[in-house]
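Asker: Using the hints, put the two chains back together into the complex; each one sits in its own frame.
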Amino acid sequence: VQLVESGGGLVQPGGSLRLSCAASGFTFRTYSMNWVRQAPGKGLEWVAYISDSSRTIYYAASVKGRFTISRDNAKNSLYLQMNSLRDEDTAVYYCAGDPDTPMKRVFDSWGQGTLVTVSS
Amino acid sequence: DVQLTQSPSFLSASVGDRVTITCRASQVISSYLAWYQQKPAKAPKLLIFAASTLQSGVPSRFSGSGSGTEFTLTISGLQPEDFATYYCQQLNTYPPITFGQGTRLEIK
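These protein sequences, in sequence, are chains A and B.
Residues are numbered in my numbering as their position in the first sequence, beginning at 1, plus a constant of 3.
Position 19 (the second sequence) corresponds to 13 in my numbering; numbering is contiguous.
Watch out, some of these pointers could steer you wrong.
Stated by the list, open to error - If you anchor each label on the Cβ, the simulated ranges turn out as follows:
(1) A:Ser57 / B:Ser59: 32 to 42 angstroms
(2) A:Arg89 / B:Asp11: 37 to 47 angstroms
(3) B:Ser6 / A:Ser57: 41 to 51 angstroms
(4) A:Arg58 / B:Thr47: 19 to 29 angstroms
If you are wondering where the hints come from, they were derived from the structure by calculation, not from laboratory data.
Idealized CB from N, CA, C, for every residue including glycine.
Isolated chain B, as found in the complex (with noise of 0.2 angstroms):
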């Protein structure tokens, strides 16, 4: 199974702020590596797919790198919407298809 670990798993920040988080996979996975953003009791929303395609309608704020064994989600100048849970997912190895546990943004 392609084990995928995310850092950090909780991030404090602003509003207007650039963060990054990062998705490491226990294997090369290609470019099938997506990520969603997910708000409280709501269904995960795709922001990025084959690890740097953007999501039709998706903010360009949101932007994703990546190859390999390590991929990266930058949001660039953080907006009071964008606070939420965010899942990187390989689609590369399967089954199973894996999510990586969440990270956590929160408002500093």
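The shape of chain A in the complex, shown without the other chains (with noise of 0.2 angstroms):
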């Protein structure tokens, strides 16, 4: 099982950045897929959940309205877009996988994770 983000890097307030997950090793299509973020020295902080059909999105309240995530079962690939940046949204993104079944609802996957850095 392997997760890769792409696309984190330093951006100004105001900004827009698109991160990229590529998925490998299991069966991506029946994974719900999350964004989970970790400012500097804090915990972790839930982003957003994207089901394994794309027909169920839920986000934290502290990006709905900016950002935006989807994927692309063809590829294998899970995307966050990220508008009207703020500096608190300087953090590493990871994404992470959720078989999402009533036997596991669990993030069993991680990949290791993009920095984005909000700054002027």
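Answerer: This is the structure we're talking about:
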């Protein structure tokens, strides 16, 4: 199982960035996927969720209306479009996979993370 | 929102010790409670899911228990590689999916 994030970098406040997460080694199309972030020296914060079919999408209140999660099951890829970025969005962003079954609902696979820095 | 409160936030222990970390939820969350270990500059690693099920490949010195609103992670016989930060997470009632604030386990 492998998840590899990309697309992080330095962006000015108010700017945009698109993160990608490439999946391999598991049946991506059957997994729900999530983005989780961690600000420097802080704990884990869930950001967004997308179901296996993309039918259900949820966002944390802190990013709702600014971030958009999407996926392409044909490409085994997950995305996070981040607009109107703020200083407080500075964090390492992880993608995480969830089998999302009654027997197993948990983030059992994680990428290595990509750093997003919002600063002028 | 379901708030998760871990205690203690910081724990100092020695190799070979048995330690317990508690995670209390602000409302009943069934058994959709997971524990993760995170080392500096690394992604979190799943240890326990469904409150007490050990993830494949995780050493048996890790165990989880609890139900309702109170859950515990126990490490029996601390090893040097166990010194890390531990997080609980609930996936019973969302959005939002929530994490505890973390417990930092350091070597005494």
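Asker: None of the hints should be skipped; say for each whether it holds.
Answerer: Each hint, compared with the structure:
1. A:Ser57 / B:Ser59: 32 to 42 angstroms: Holds: the Cβ-Cβ distance is about 36 angstroms, inside 32 to 42 angstroms.
2. A:Arg89 / B:Asp11: 37 to 47 angstroms: holds (42 angstroms)
3. B:Ser6 / A:Ser57: 41 to 51 angstroms: holds (46 angstroms)
4. A:Arg58 / B:Thr47: 19 to 29 angstroms: Since Arg58 (chain A) and Thr47 (chain B) have Cβ atoms about 28 angstroms apart, the given range 19 to 29 angstroms holds.
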